[in-house]
Amino acid sequence: MDVFFYIAGVVAIVSTIMAISGRNAIHSLLYLILSLLAISVIFYLLSAPFIAALEVIIYAGAIMVLFIFVTMMLNIGLERETEKKWLKPRMWIIPSILAAVLLVNLIFALKSVQTIPSDKEAILPKQVGISLFSTYLLGVEIAAILLMAGVIGAYHLGSQKKKVKHRFLEIK
Amino acid sequence: MKYVFIIAGVLLIALTIAAGLIWVERRLLSVWQDRLGPNRVGPFGLGQVVADTIKLFFKEDWVPPFSDRPVFVLAPGILMVTILLTFAVVPFGPNFYVYDSNIGILFFLGNSSLGVYSIVLGGWASNNKYSLIGAMRASAQMLTYEVFMGLSLMGVVMMADSFSFCKIVEAQKGGWFFIPQFIGFIVFFIAGIAETHRLPFDIPEAEGELIAGYHSEYSGMKFGMFFVGEYLGVTLISALIATLFFGGWLGPSFLPPVFWFLFKTFFFICVFILLRASLPRPRYDQLMELGWKVLLPLALLNLLVTGAILIFLK
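Protein sequence lines correspond, in order, to chains A and B.
Under this note's numbering, the first residue of the first sequence carries the number 1006, and numbering increases by one thereafter.
Under this note's numbering, the first residue of the second sequence carries the number 864, and numbering increases by one thereafter.
Calculated from the structure, these hints are not laboratory results.
Errors might be hidden in some of the hints.
What the hints assert, rightly or not - Computed beta-carbon distance windows for the label pairs:
{"id": "1", "chain 1": "A", "residue 1": "K1116", "chain 2": "B", "residue 2": "G1114", "range": "55 to 65 Å"}
{"id": "2", "chain 1": "B", "residue 1": "I870", "chain 2": "A", "residue 2": "L1103", "range": "19 to 29 Å"}
{"id": "3", "chain 1": "A", "residue 1": "I1135", "chain 2": "B", "residue 2": "K865", "range": "28 to 38 Å"}
{"id": "4", "chain 1": "B", "residue 1": "L948", "chain 2": "A", "residue 2": "T1076", "range": "32 to 42 Å"}
{"id": "5", "chain 1": "B", "residue 1": "G905", "chain 2": "A", "residue 2": "V1015", "range": "33 to 43 Å"}
{"id": "6", "chain 1": "A", "residue 1": "A1067", "chain 2": "B", "residue 2": "L909", "range": "12 to 22 Å"}
{"id": "7", "chain 1": "B", "residue 1": "L937", "chain 2": "A", "residue 2": "L1071", "range": "15 to 25 Å"}
It should be emphasised that the depicted structure is a prediction, and the values quoted were computed from it without experimental measurement.
For glycine and all other residues, C-beta sits at the position ideal for the given N, C-alpha and C.
The shape of chain B in the complex, shown without the other chains:
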């Protein structure tokens, strides 16, 4: 029974944050761009989320006749499933997690690498040249950035001596990993943006050149799944940054641990939105060059130095 409550709680928190982000992002963007943003529906425009959801539900759910129907329908679901599955291993509080897996980080990496299929297959099944180009860019980008996303986390794993998220949080009682693993943090953060293909790395959907990339042909709730899936991805990466580098639910004891976890997560979500508001999109080859020529060597160097220091201190 306890499990049911925890699973329901985790789902509720994750989906509420993801849906609420639709409003948060638009309001924050408008603050930074010196305008008002959606403020008409309900108090502070909060009803905008409900209005948007109702609109998405009642739109015509069109499957193009030239598409590969089973794959086209399947693709948005893969994204949601892989991201929501990963939330199962993220500890929201000391006793507030679905499953403390002893391969937690690998579970996350596996799920994020399966998430690529959603975009690649969605773009391919649409049978549209813009979608196909978007899907190709997405597969190359995400495959590249996955490599050192995993490598950048190995420093944390070495310091915590475990792949389990709960043990990693507990290992940070002496000090958050963000200071000794600063390079790992930066590399993971950049890789996280590329994995969720958010601006500035939204090259797969680049509305200026590809219209909407892989989801041009999607409408109704299928598009909604891609849309919410992107926000869920942002929430997940922010939650993981908070867990792995900023002590997760650790914090002063005058507030409950869950609050600290959500506070840190929300802070990083805001950083994601600020990046969207402030940075231009790089060119495709610049993205690849940054990945292979700068970030990969940095991640490897971080791995080497961390290992050497840990052996020296033993």
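Excised from the complex, chain A in its bound form:
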């Protein structure tokens, strides 16, 4: 089981690096989707099949489609010379130092902290549902309110009156 975990982990890391360093927007998005799929495999190996499935359905299958949709609409997929100027090698220095500090931290944490055993019994969707609607009910309700705000905002933005008047374009 551990071998699969490391394979998925390496795929996730490599594809994420490709996603942030690529210059072609659509190719970067494809690597990001691959990275999400690898993370979903890791969730599955950690005996959380429900979360793994939701990761694929919601992140890889719905949100990323919207990203690609917008990228296609704006037609920014092609490589541009200007983007090379935006990403100078000098800009990597501070993030690299910060990331190295985090890496050292992580290595020490892995040595000392107890990790979750990977051969636990699988947590089924039913258990997730029960704990969502009892222990974590407040979180679910807050998320619902947030989504409601999003829906109202989208309705407000989309509810402009039609300006084109033509007998063929009028509905009914």
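Once you have looked at the hints, place chain B on chain A.
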């Protein structure tokens, strides 16, 4: 060893049905349109499938120089992979399935949402305005119809108390879910047509206005993958309708369970073809309106009522 046989069997059945559908669809369409259809190659024109396949294999496999080559080549494969993967969780018979996953329905939904990429990327990589418009329509249509495709199945999940396809079939021994979940069935069926972008919902490829939409630039076996992928999708949705709402392999015991499953699947494939023969294509905004204003509320209502009745009966 047993696994190898089952996987080979499932692949063989799925691919044979999908390839055979090329002939079945053309013959059935011609029956309903009062003409003969392909009847020259072999008995009843059955050799047409082989002839078509050979033709596709030997066509020039052209990748347009203006396309995004890696994505262009990758796109048709995604469709085949996602659909064939889903067949792994569909039970063909009591002991005839590749893997009885306890998240079976979610596995199907995940794969169908990944299948969208095939069309979107295929259309984008072609670098052609008709293909791009087709890809945009496809992404909007499939994203919309996925939402309540999942919601319409939740009633079935609640009644069977499981996401596993095998348990759902076994839960239907007392009666097929098609009667208590009639609204769920209708919504799933319409969403299934939209997901496989078959006529009447073939707006992404609409040959009258977009030439062929997302696969205008494809030729040879790459086009063949889109072509067979569409038939595989039809087979998959029909198999799922049979499994989820019509008792899967359950049936009178004088014939083997696999036969009942294939019979029901084939019946729904014929319904798909009949719909193609009889209904006109709606306009794009009509499709979206039907989705968000009619089908989504219906699916939610079905979910609410099913939940309320199940709690009441407990």
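Structure-based check of all given hints:
Between K1116/A and G1114/B the beta carbon distance is about 59 Å. The supplied range of 55 to 65 Å therefore holds. Between I870/B and L1103/A the CB atoms are about 48 Å apart, so this pair departs from the stated range of 19 to 29 Å. Checking the proposed 28 to 38 Å range against I1135/A and K865/B shows it holds: the Cβ atoms sit about 36 Å from each other. Distance hint for L948/B and T1076/A: a CB-CB separation of about 26 Å, inconsistent with the stated range 32 to 42 Å.
The hinted window of 33 to 43 Å between G905/B and V1015/A is violated, with their beta carbons roughly 51 Å apart. With their beta carbons about 42 Å apart, A1067/A and L909/B fall outside the hinted range of 12 to 22 Å. Between L937/B and L1071/A the CB atoms are about 20 Å apart, so this pair conforms to the stated range of 15 to 25 Å.
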